[in-house]
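Chains as they are written, first to last, in our numbering: chain U, 12 to 573; chain S, 5 to 363.
Since the hints were made in silico from the structure, they are not lab data. Here the structure is a predicted model, which means the values were calculated and not measured. Built from N, CA and C at the ideal position, the CB exists for glycine as well. Check each hint, because a few of them may be wrong.
Stated by the list, open to error - Simulated restraints on C-beta separations:
| # | chain 1 | residue 1 | chain 2 | residue 2 | range |
| --- | --- | --- | --- | --- | --- |
| 1 | S | Ala165 | U | Leu404 | 54 to 62 Å |
| 2 | U | Arg148 | S | Ala165 | 52 to 60 Å |
| 3 | S | Arg271 | U | Trp55 | 48 to 56 Å |
| 4 | U | Arg148 | S | Phe234 | 39 to 47 Å |
| 5 | U | Arg148 | S | Phe251 | 53 to 61 Å |
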Amino acid sequence: MSNLNTTDERDLGKAGEQLSTAPREESASSVPAMGVIGWTRWFWRQLTSMRVALILLFLLSLGAIPGSLIPQNSVDELKVQTFKDAHTTVSPVYEKLQFFDVYSSVWFSAIYILLFISLIGCIVPRTGQFVGQLRGRPPGAPRKLTRLPAYTTWRTEAEPEQVREAALALLRKRRFRSHEAGDAVAAEKGYLREAGNLLFHIALIVMLVAFACGQLFKSEGGKLIVEGDGFSNTLTQYDNFKSGSLFDNDDLTPFSFDLDDFKGTYERNGPQRGTPRTYEAHVTYSEGADGKPRKKVVEVNKPLVVDGTKVYLNAHGYAPVISVKDGDGKEVYRNAVPLLPQDNNVTSTGAIKVMDGYRDADGKKTQLGFQAFFVPTFAGEGSGTMFSQFPALDYPVLALNGYYGSLGVDSGLPQNVYQLDPSKMTEFKDSNGDQLKQRLRPGETMKLPDGAGSVTFEGVEEWASFQISRQPASGWALTGAVAAIAGLAGSLFIQRRRVWVRAVRGADGVTVVEMAGLGRSESAKLPEELADLAVALHTVAPTAPDPEPEPPSEEPAEGAEK
Amino acid sequence: MNLAAATNENLAHTSNVLIYSSMAVYTLAFFAHIAEWIFGSRSKVGRTAAALKRDSATGSTAKAQVAQQGGTAVLDRPKVVTRSAAGTRDVPDGPGAAGGTFKGDLWGRIAISLTVLAFAVEAGGVVARALSVQRAPWGNMYEFSITFSTVAVGAYLLLLALRKNVRWIGLLLVTTVLLDLGIATTTLYTDSDQLVPALHSYWLWIHVSTAIICGAVFYLGAVGTLLYLFRDNYESKIASGGTPGRFATSVMERLPAAKSLDTFSYRINAAVFPLWTFTIIAGAIWAGDAWGRYWGWDPKEVWSFITWVAYAAYLHARATAGWKGRKAAYLALIAFGCWLFNYYGVNIFVTGKHSYAGV
Ligand code: HEM
Chain U
12 MSNLNTTDER DLGKAGEQLS TAPREESASS VPAMGVIGWT RWFWRQLTSM RVALILLFLL
72 SLGAIPGSLI PQNSVDELKV QTFKDAHTTV SPVYEKLQFF DVYSSVWFSA IYILLFISLI
132 GCIVPRTGQF VGQLRGRPPG APRKLTRLPA YTTWRTEAEP EQVREAALAL LRKRRFRSHE
192 AGDAVAAEKG YLREAGNLLF HIALIVMLVA FACGQLFKSE GGKLIVEGDG FSNTLTQYDN
252 FKSGSLFDND DLTPFSFDLD DFKGTYERNG PQRGTPRTYE AHVTYSEGAD GKPRKKVVEV
312 NKPLVVDGTK VYLNAHGYAP VISVKDGDGK EVYRNAVPLL PQDNNVTSTG AIKVMDGYRD
372 ADGKKTQLGF QAFFVPTFAG EGSGTMFSQF PALDYPVLAL NGYYGSLGVD SGLPQNVYQL
432 DPSKMTEFKD SNGDQLKQRL RPGETMKLPD GAGSVTFEGV EEWASFQISR QPASGWALTG
492 AVAAIAGLAG SLFIQRRRVW VRAVRGADGV TVVEMAGLGR SESAKLPEEL ADLAVALHTV
552 APTAPDPEPE PPSEEPAEGA EK
Chain S
5 MNLAAATNEN LAHTSNVLIY SSMAVYTLAF FAHIAEWIFG SRSKVGRTAA ALKRDSATGS
65 TAKAQVAQQG GTAVLDRPKV VTRSAAGTRD VPDGPGAAGG TFKGDLWGRI AISLTVLAFA
125 VEAGGVVARA LSVQRAPWGN MYEFSITFST VAVGAYLLLL ALRKNVRWIG LLLVTTVLLD
185 LGIATTTLYT DSDQLVPALH SYWLWIHVST AIICGAVFYL GAVGTLLYLF RDNYESKIAS
245 GGTPGRFATS VMERLPAAKS LDTFSYRINA AVFPLWTFTI IAGAIWAGDA WGRYWGWDPK
305 EVWSFITWVA YAAYLHARAT AGWKGRKAAY LALIAFGCWL FNYYGVNIFV TGKHSYAGV
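Construct the entire structure; sequences and hints are all you get.
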């Protein structure tokens, strides 16, 4: 490229032009003509210049930095809140600067939108120019071939026409686009470089548009399922749900699945004892409203994919099976109650809520609530605190304390299923008047005082939570990405270069052959290739005996005049 | 403990021994390189200054060089004359650290032989580690570091084997490798173990291995860029009539010409850039499988993106009038800085989805 922007360019005339389609640089100081149109044109030229593209690229990378150091709403809202609570002075400033939403902020969007306008403004004319170059022919030979970066010459007894014909055939065989122009053959090769470069920049646009579509139309929701239960993909079945601004409920893919079994294994030895080794959710799913049931194992890296919707395994935990009998000994409740893990060893907490059907010793209707604390592997008696020692179900223990009264579920306020609100309830007391608390092993029963019934810890099921998401246009993003890599490879690994072969009859009647090559950048390959071509041509046009030995390499005149 | 576990423990131990041994050999190579530079300093070549002085004094007749095409099969083969672009300095490359002295060259060869040995030992250490855990040896920062330096040295030796002019990197490379291994074995060391389920994927092989290769080769490019800046400074000082200090002259004198260094780092960076693009895309595909979104602005993703854009800026700068040369070189260094931060900084100081990498 360098040799095109310097004095050489004038020397070479048309021959050096259009070896790329990069926009010509204009000096920033060139003052625009007056008037709105003048300014608009000036602004557009600046925006689509390489210099501004460069600055915008730099700003883009600079602008992305704060988002990696400051918590982001889009990633973790809880963390943002914690940060705001801890940094009360800077937070308002950050808020103003949209530092908690960097990647959707006005200023970040401005940078990349400008960059992509610049990109389009750059690609369109470059593509046109390139098509023009493909339609046209390689430019004819410059007057003085000696000025080119690689040059060679010799004298031969072959006729000039014969040499040119041989050169044309040779260059065509080597896949140069070539033609005869006057006393010389002009040839060019490596158009794939430009094509690759354009493909790369177009692929960037495809990727951006695909990414934007994905964000606008995406849907994403979570669902916790206990072994034996199922899910069907309608809005009401989700525990939580988020969607892009152009999402429509009808976009949900119809399908359903049941969680048959969850298997987790954990490291038993060494310093990483307790680290998860495998998580497998065995599911049976069916496509459409009533498709054929099929089996599949969902793992952390292996989602279930149904028609573009992916079901990811997110988390897992335990769900003790609880049964409750009322004062009459009638079973009024039996459920696997999912509890939330609190630490890496799956110490879990949650609430058991018996809403209706329960009557106390006197036959009066009331509700029951229990706070549940569960460990899959209990450390042993006596330690007082109850934390799990290992994530697998080695020695499960469930601790309960109970309340009766109103659960407050009718108050209209949404309730957290994992928490009990005991404000309108009364504690069960033991015979000493203390709160009734008991640790249960599977199969054990806790009696409620005064014949109020009993609670049995029947066993443990596992639950898994899934993220069900759909992000349209990922296929386009991937296609764009692959095209970008292919284009880049073409753009960076292929040299675009020109070769001229001139053959004229000299004053003494002997033919003088001159060959020269020009590439976009100086590369050792260019002289090598030229030498190869010269050697090949030499077989047709061998060197004539030299009347007076004067090797051309000692011709100092051309380089010396600066 | 079962038999297999015991074997694995032995392998892990073997791996550690090999890594420590390679550090010892690299240290010897380091001293051999120092000897090479010291003996080389005794030669008084003075080529650069001579070339540049003649250039400015007589108005360059050195522009035309003859590239003799080898081979005697064809008599009177045409000779190709090459010309540098106008406006570039035409300075020959320095003779290398050995400065053309016999002793320097001998020590240089010893240093390279030792580097080859150390490389083999280190590679053995990486393989033993991989066998001990039965997975790709890049599950945490310790493993990442040992693989990283192995690849960097491997790339350097490969270039040497291809007869590229890269011997000048030797000393800096070995020094960095010692630093990298030193940090790896002390602060980053992690016992050999299995991975959490999120890392169980063949994408670990693809994505992380290309990331390591990119980093290692970008590193070579960055060394080239850095030396380019020094050497360019030195050349322009001489060209404008100044006299650099004796030490600077002695060292700079022996390096390749600024133009060669610049071309070297451009080629390296341009060759790796598509692979880096691929690494990011592979990571996105993996993230799509593991976390349900292919791009989520996680800190690691952000910094990979920043690194990518910074290298793109560098490549643009090279094609923009007024930006090529030193300015582009600064961009290249910034870009490599971003890569380094993505590796050390993000793993250590920033928490994100990638933080299970285990410091
Ligand atoms: C998203 C932003 C962009 C990225 C990531 C990007 C990336 C790249 C890369 C990696 C190259 C290197 C290929 C080479 O050296 O031949 C390149 C070349 C090029 N880019 Fe961009 N580019 C972007 C935007 C633009 C814009 C806005 C323009 C228009 C002003 C532009 C014009 C060019 C041109 C003309 C070349 C070829 C330079 C040459 O011929 O050497 N690019 N781009």
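Against the structure, the hints:
| no. | hint | verdict |
| --- | --- | --- |
| 1 | S:Ala165 <-> U:Leu404: 54 to 62 Å | holds, 57 Å |
| 2 | U:Arg148 <-> S:Ala165: 52 to 60 Å | violated, 43 Å |
| 3 | S:Arg271 <-> U:Trp55: 48 to 56 Å | violated, 35 Å |
| 4 | U:Arg148 <-> S:Phe234: 39 to 47 Å | holds, 46 Å |
| 5 | U:Arg148 <-> S:Phe251: 53 to 61 Å | holds, 56 Å |
Going down the numbered hints, you'll see the structure goes against 2 and 3, while the others check out.
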